[in-house]
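Asks: Going line by line, the protein sequences match chains R and G. Using our numbering, the first residue of the first sequence is number 508, and each one after it goes up by one. Using our numbering, the first residue of the second sequence is number 508, and each one after it goes up by one.
For the record, the hints were derived by calculation from the structure and aren't laboratory data. Watch out, some of these pointers could steer you wrong.
If chains are identical, the list can't say which one is meant, so a pair holds when it fits in one copy or spans any two.
Said to hold, decoys possible - As a list, the in silico DSBU-like pairs of lysine-lysine whose alpha-carbon atoms are at most 35 Å apart:
no. : residue 1 : residue 2
1   : Lys554    : Lys743
2   : Lys548    : Lys743
3   : Lys600    : Lys743
4   : Lys743    : Lys534
5   : Lys855    : Lys743
6   : Lys534    : Lys554
7   : Lys855    : Lys600
8   : Lys548    : Lys600
Number of protein chains: 2
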Amino acid sequence: MTQNLAVDSARLWSSIMETAQFGATPKGGINRLALSADDAKVRAWFKTAVEAVGCTVSIDAMGSMFARRPGRNNALPPIAIGSHLDTQPTGGKFDGVIGVLAGLEILRRLHEAGIETEAPIEVINWTNEEGARYAPAMLASGVFAGVFSLDYGHSRADRDGIRFDTAMDGIGARGDAPLGHPLSAHFELHIEQGPILEEEGCTIGVVSGVQSIRWYEGTMIGLDGHAGATPMRLRKDALLGVARVIEATNRVARAHAPDGLGTVGLIENRPNSRNVVPGEVFFTIDLRHPDDATLAQMDVALRDAVAEIAEADGLALTLEETWTAPAVHFNPDCRARIEAAAETFGYKTRAIVSGAGHDSAYINRVAPTAMIFVPCAGGLSHNEAESATEADVTAGANVLLHAVLATDRALAETA
Amino acid sequence: MTQNLAVDSARLWSSIMETAQFGATPKGGINRLALSADDAKVRAWFKTAVEAVGCTVSIDAMGSMFARRPGRNNALPPIAIGSHLDTQPTGGKFDGVIGVLAGLEILRRLHEAGIETEAPIEVINWTNEEGARYAPAMLASGVFAGVFSLDYGHSRADRDGIRFDTAMDGIGARGDAPLGHPLSAHFELHIEQGPILEEEGCTIGVVSGVQSIRWYEGTMIGLDGHAGATPMRLRKDALLGVARVIEATNRVARAHAPDGLGTVGLIENRPNSRNVVPGEVFFTIDLRHPDDATLAQMDVALRDAVAEIAEADGLALTLEETWTAPAVHFNPDCRARIEAAAETFGYKTRAIVSGAGHDSAYINRVAPTAMIFVPCAGGLSHNEAESATEADVTAGANVLLHAVLATDRALAETA
Numbered sequence: 508m509t510q511n512l513a514v515d516s517a518r519l520w521s522s523i524m525e526t527a528q529f530g531a532t533p534k535g536g537i538n539r540l541a542l543s544a545d546d547a548k549v550r551a552w553f554k555t556a557v558e559a560v561g562c563t564v565s566i567d568a569m570g571s572m573f574a575r576r577p578g579r580n581n582a583l584p585p586i587a588i589g590s591h592l593d594t595q596p597t598g599g600k601f602d603g604v605i606g607v608l609a610g611l612e613i614l615r616r617l618h619e620a621g622i623e624t625e626a627p628i629e630v631i632n633w634t635n636e637e638g639a640r641y642a643p644a645m646l647a648s649g650v651f652a653g654v655f656s657l658d659y660g661h662s663r664a665d666r667d668g669i670r671f672d673t674a675m676d677g678i679g680a681r682g683d684a685p686l687g688h689p690l691s692a693h694f695e696l697h698i699e700q701g702p703i704l705e706e707e708g709c710t711i712g713v714v715s716g717v718q719s720i721r722w723y724e725g726t727m728i729g730l731d732g733h734a735g736a737t738p739m740r741l742r743k744d745a746l747l748g749v750a751r752v753i754e755a756t757n758r759v760a761r762a763h764a765p766d767g768l769g770t771v772g773l774i775e776n777r778p779n780s781r782n783v784v785p786g787e788v789f790f791t792i793d794l795r796h797p798d799d800a801t802l803a804q805m806d807v808a809l810r811d812a813v814a815e816i817a818e819a820d821g822l823a824l825t826l827e828e829t830w831t832a833p834a835v836h837f838n839p840d841c842r843a844r845i846e847a848a849a850e851t852f853g854y855k856t857r858a859i860v861s862g863a864g865h866d867s868a869y870i871n872r873v874a875p876t877a878m879i880f881v882p883c884a885g886g887l888s889h890n891e892a893e894s895a896t897e898a899d900v901t902a903g904a905n906v907l908l909h910a911v912l913a914t915d916r917a918l919a920e921t922a
Numbered sequence: 508m509t510q511n512l513a514v515d516s517a518r519l520w521s522s523i524m525e526t527a528q529f530g531a532t533p534k535g536g537i538n539r540l541a542l543s544a545d546d547a548k549v550r551a552w553f554k555t556a557v558e559a560v561g562c563t564v565s566i567d568a569m570g571s572m573f574a575r576r577p578g579r580n581n582a583l584p585p586i587a588i589g590s591h592l593d594t595q596p597t598g599g600k601f602d603g604v605i606g607v608l609a610g611l612e613i614l615r616r617l618h619e620a621g622i623e624t625e626a627p628i629e630v631i632n633w634t635n636e637e638g639a640r641y642a643p644a645m646l647a648s649g650v651f652a653g654v655f656s657l658d659y660g661h662s663r664a665d666r667d668g669i670r671f672d673t674a675m676d677g678i679g680a681r682g683d684a685p686l687g688h689p690l691s692a693h694f695e696l697h698i699e700q701g702p703i704l705e706e707e708g709c710t711i712g713v714v715s716g717v718q719s720i721r722w723y724e725g726t727m728i729g730l731d732g733h734a735g736a737t738p739m740r741l742r743k744d745a746l747l748g749v750a751r752v753i754e755a756t757n758r759v760a761r762a763h764a765p766d767g768l769g770t771v772g773l774i775e776n777r778p779n780s781r782n783v784v785p786g787e788v789f790f791t792i793d794l795r796h797p798d799d800a801t802l803a804q805m806d807v808a809l810r811d812a813v814a815e816i817a818e819a820d821g822l823a824l825t826l827e828e829t830w831t832a833p834a835v836h837f838n839p840d841c842r843a844r845i846e847a848a849a850e851t852f853g854y855k856t857r858a859i860v861s862g863a864g865h866d867s868a869y870i871n872r873v874a875p876t877a878m879i880f881v882p883c884a885g886g887l888s889h890n891e892a893e894s895a896t897e898a899d900v901t902a903g904a905n906v907l908l909h910a911v912l913a914t915d916r917a918l919a920e921t922a
């Protein structure tokens, strides 16, 4: 009976466009920071929508919302569909939003089709995923998964010094549901935020995990000199040294193709005057790979290359690793169910590693978790021009629906 | 009689230290912008000093001061010793100053030794050489040489909107001497403002000219991308492209060793965020060589290299040449007299090209001209820590003295 079930594409798209009005920007994006007045509006809208299809909403001490649809066996932990409704200050209409609203659409579809699942289904709106108002990102899912303490979560402050708990109470978003209840599984639909699916003509990315990340800060110190009076052989050009670091970062990433990534994204050149040989340059390096061990090899290769550059050019170098995030590997069963659901619909798929962090990266620590990516135009995200097609979002929602139903069947069989 | 004549080292040094009080900074430098109150003080001090040794001071319509010591044949155009007493806002005690005060010391020495030259001697304080208050630099010597019109010179405005002529009248620095009178020769003693003489243990640089300069502004345009979600093969990293431009600029300069110079001194990276692949980078290039034809070859090599980089990386590039200054070649006779004078004293010399512009570069257009460089510590200049030794400054003044006397003998022979 459920095998031919599909979401209502128009209704899903319409809910995305309707909620996009909460915090809409003139350029077609959304500015809906966590726990803002517009966040309160979308949260109220979501509560009304899920209650209309027979769900009850509970809220935890971090404001995360759990819309629960009962199953036959309510002793089973729910199968969760989670993402977030907060956005960047100049965010788009899709990042996070489609994951929650696809969950809503699934609740609606199950409701109107009169389908009873074995386990309860829970659609979750995780608070403050973006980290744009309260750093770090994925704050509420992190507290849920025990990565951060509740005190830590509550005490985060925004740029105006307003604490998380104060802002949460200010919009009445605090709840009393116990923190960190068990989940049978957690699925998240999200736009890719990168160009791979679009470039390869794939509709569905079966996310294998989140890659390992290392961040570095470096300072290259040479000697300021007059651009007209300092012979090349006597120069200590810090910017030339950093140019070689940029080249080396690129080389190390490409030596670990196709998954290795290396980026020098930030550079501050001093004194930054057109007729002065630069004497000091600050720079950052962002190094990523899905495999921790490979990233460790890249780290060694990068450090060797950078030290060699500094020594060869007579430059003084400091290079500090400022952040490390280990790789996340999603649950194989959940991934297989996503893959199978996509096959049923005939969607072209590919395994893909998430470049960015997501709530699922933390929830993966406490429940079997996996993610579904759909393409976004040009890979553009965290941008008001962020764009995805109705067909792709619908495809993702259908895969999400059937991955959830397959998980439910598996639970029914083992129960 | 004049063959063993030498300047009074202690007196010269003392005059440098005494005038350094006009605009002295806490860090031991000088802040004496052109036509400021402190400039007025040093100008008055200079006038008193030269009048005390029998000179008369005339001033032209740009405020340049001409301290004239008569000769036997006053129909001959004077032999000039010129430089400047204005400084950068955080300037040192030597740049420009030693050229004028060595001239004063020579006037004093000739006076007390009772030496009568054939031609008059003129020590010149050129107004606003630095360009720090009124751009462009070398403004008054440029007007004197007919490079700029008097109207142009008068109408320059500082950052507060104060015109050059207004500031000049404000300190009573305008004179009525005819503009651009003939000079038999023009000699200028200056610190090198680069590290070559110090590095090679030379006392005297015989300046062959001022190198040719080309300035460029470029913008490399790629595509912003998420550092975690954009595979290396799909990137259009504008900063990586500019890193290669920096490397190419260095390579082109070194391919024209030892005189070729190439510098990327200014770079602006956008969006300059540590987890974003840079989408747009603005940069400048400063290319120099003593020979115009060689610099033209460097220009072609650079343009080819930069275009190739942009094309290979799929980046869009604009590269504009914003300024060109042709090479200046000083007068061979004047250079030979400097060389001969240095030999007499046994100073170690080397031919050297000036990396920076000087009043002599313009005066060279209207009179036989040459320059003498002396070392400055670490090549540091335009800096309050600028430093030169008494021995080196004295050596430069002695060479200046004897180059002037040799020029005078030559004039006497041909007269």
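Asks: Each of the hints needs a verdict: does it hold here or not?
Replies: We went through each hint and held it up to the structure:
For the homomeric pair Lys554 and Lys743, neither the shortest alpha-carbon distance inside one copy (62 Å) nor that between copies (43 Å) is at most 35 Å. Taking the shortest alpha-carbon separations for Lys548 and Lys743, neither the intra-copy value of 57 Å nor the inter-copy value of 39 Å comes in at or below 35 Å. Taking identical chains as interchangeable, the C-alpha atoms of Lys600 and Lys743 lie at most 35 Å apart only when they sit on different chains, with a minimum of 25 Å there against 48 Å within one chain. For the homomeric pair Lys743 and Lys534, the shortest alpha-carbon distance between copies (25 Å) is at most 35 Å, but the shortest distance inside one copy (46 Å) is not.
Taking the shortest alpha-carbon separations for Lys855 and Lys743, only the inter-copy value of 26 Å comes in at or below 35 Å, while the best intra-copy value is 53 Å. Within a single copy, Lys534 and Lys554 get their C-alpha atoms as close as 28 Å, which meets the 35 Å cut-off; across copies the closest is 67 Å, which misses it. In this assembly of identical chains, the alpha carbons of Lys855 and Lys600 lie at most 35 Å apart only when taken from the same copy (24 Å versus 74 Å across copies). For the identical chains of this complex, Lys548 and Lys600 are intra-copy neighbours only, at 15 Å inside a copy versus 67 Å across copies, given an alpha-carbon limit of 35 Å.
The earlier numbered hints that this structure contradicts are 1, 2.
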